[in-house]
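The listed protein sequences correspond, in order, to chains A and B.
For what it's worth, the working numbering labels the leading residue of the first sequence as 1, then goes sequentially.
For what it's worth, the working numbering labels the leading residue of the second sequence as 1, then goes sequentially.
No lab work stands behind these hints, which were simulated from the structure alone.
Errors might be hidden in some of the hints.
Pairs involving identical chains hold if they fit within one copy or between any two copies, as the list cannot separate such chains.
Derived SDA-like pairs: lysine to any residue, alpha-carbon spacing no greater than 25 Å straight-line [said to hold, decoys possible]: (1) Lys151 - Asp71; (2) Lys301 - Ser17; (3) Lys141 - Gly269; (4) Lys110 - Val191; (5) Lys255 - Asn237; (6) Lys236 - Glu73; (7) Lys35 - Glu58.
Here the structure is a predicted model, which is why all the values come from computation and not from measurement.
Now for the letters of each chain:
Number of protein chains: 2
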Amino acid sequence: MEPIVLVHGGAGDIPDSRVPLKIAGVKKAASLGYKILRNGGSVLDAVEEAVKSMEDDEAFNAGYGSVLNLDGEVEMDASIMIGANLNSGAVTVVKDIAHPITLARLVMEKTPHVLLAGVGANRFAKDQGVPTVPPGSLVSKYATEALEDFKEHGDNRTEIGDVGTVGAVAIDSKGRLAAATSTGGINGKMVGRSSDTSMIGSGTYADDDVGAVSTTGHGESIARYCLAHTIIYEIKNGSSANVATSKALKGMTAKLHNTAGAITISKSGGLGIDFTSRRMAWAYQIKDEIHFGIEHGQHTKEKAGN
Amino acid sequence: MEPIVLVHGGAGDIPDSRVPLKIAGVKKAASLGYKILRNGGSVLDAVEEAVKSMEDDEAFNAGYGSVLNLDGEVEMDASIMIGANLNSGAVTVVKDIAHPITLARLVMEKTPHVLLAGVGANRFAKDQGVPTVPPGSLVSKYATEALEDFKEHGDNRTEIGDVGTVGAVAIDSKGRLAAATSTGGINGKMVGRSSDTSMIGSGTYADDDVGAVSTTGHGESIARYCLAHTIIYEIKNGSSANVATSKALKGMTAKLHNTAGAITISKSGGLGIDFTSRRMAWAYQIKDEIHFGIEHGQHTKEKAGN
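Pulled out of the complex, with its shape left as it was, chain A reads as follows (with noise of 0.2 Å):
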């Protein structure tokens, strides 16, 4: 099996002006997570580094960048999974810190549960030594200018800032698979609201006995719809991880009329990419290339940066 890094840089309405900052992201995230993987680093530990990259950078709405709430706070979701033996970690409306998605896996391996919200999340956090970063200090300008816009116009779903939501999903030489998401949510939402990112089978899924899979997009559609579970059972059912995507986002905007987009790896390392929204930022390394695209259509090919 060849060792694979698929990520996306969230599905949606991306402005001509933020193309090359998501297309360069992803990029570097990608290539981050390919080298530790070839490194004979873990699957688990590919998808969290390629997502903290994101996470970092502002050109996407995930830790640092993220949207912003109605009272002009940022509160975020991940989710993490590994195929193997469906281990899951993953926490919501989580305030003030760098890494939600490292957040998200300390759960999945240092408590019982899956999910802690809110406040909860947070004094875990501090029991467990995570950084507390100081409050707004993940507010960017263009977070505070895009809820400013929202405020003005009332639509979030095709202003500037909307999207953005980063996943990854990977596959290494002996088939082992794991799947993460972070977000900031969606722009302008309620306080408290939480997403299909931090839901097991809605955001993320990994299963070693059929796929893994990160969604983006409309979240409470895709929550709705359980995307991503939806795109493993038609794996299940026979389709290639192809197939299986395309049909599922088709299925869901065909019913609830709103978009998303999808990375999928099957077991058998088939890759599955596509979105129903204008835009969806993703790429992958193989070797020593780096595919990606944003457009419908699009697959670029280019020699890895080093």
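Fit chain B to the supplied structure of chain A, relying on the hints for placement.
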């Protein structure tokens, strides 16, 4: 189609002393829900009222009588879903309200979101005029003893007080479906622990094209297995409600070594009632007959009270 409201009162290692209370409670809830359908109410009203009745009943781990977190507090989760349009609402880690299921319905009906968590969920409750009960007033003597027992013996899986998530699924004469689930979670849980009950696809699912499901049992395993949606997909693949329910439960327990239960109604009105745990209280009414059970293989019928 024969209208039906099928309820459960939680799967688990229910001690003998709690059996009569649980049976009385599920019979009452099923009967209440059925009356609503018979009087022309919606499936949504029916599942909400059935669940509210069990939230009020100390015999169950939902609303009053919920199990306690490690701080000795009640933190509750609930979710509700309409099969016609996949509309969904949920709350998690909510405190000091009598009926989390009603708040979940308000999230569905009054917000653009599916899930609200923690202080945000309580703030929304206040904005909606949902009464707050005094802190501690949902804490029962039984739950307090169960937490003490957990702190002393450390095992929250086989001691008293662990079981009693409640749920309901309903179908009306036109084949419309709804599902609802409510829980206090797991005894001795960490502060902020959110359960499968708040996750669409794990605790609750309803789709008029397939069926409706409410699950109960070891929440972390249910979430990792995406149990409700797995049952939905088994029906979609051609299984009866009965076979789909049993197959998914056996699959989950074989893979994750924890137990659960579920109630299911398929779009054709077929019923699925099964559990891999020791016991699960369930009941439904058809015409003037109440059907109920709590042991494996038990299916008792009696004339409905009035």
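Exercise for review: Could you tell me which of the hints above the structure violates, numbers in ascending order?
Suggested key: 3, 6
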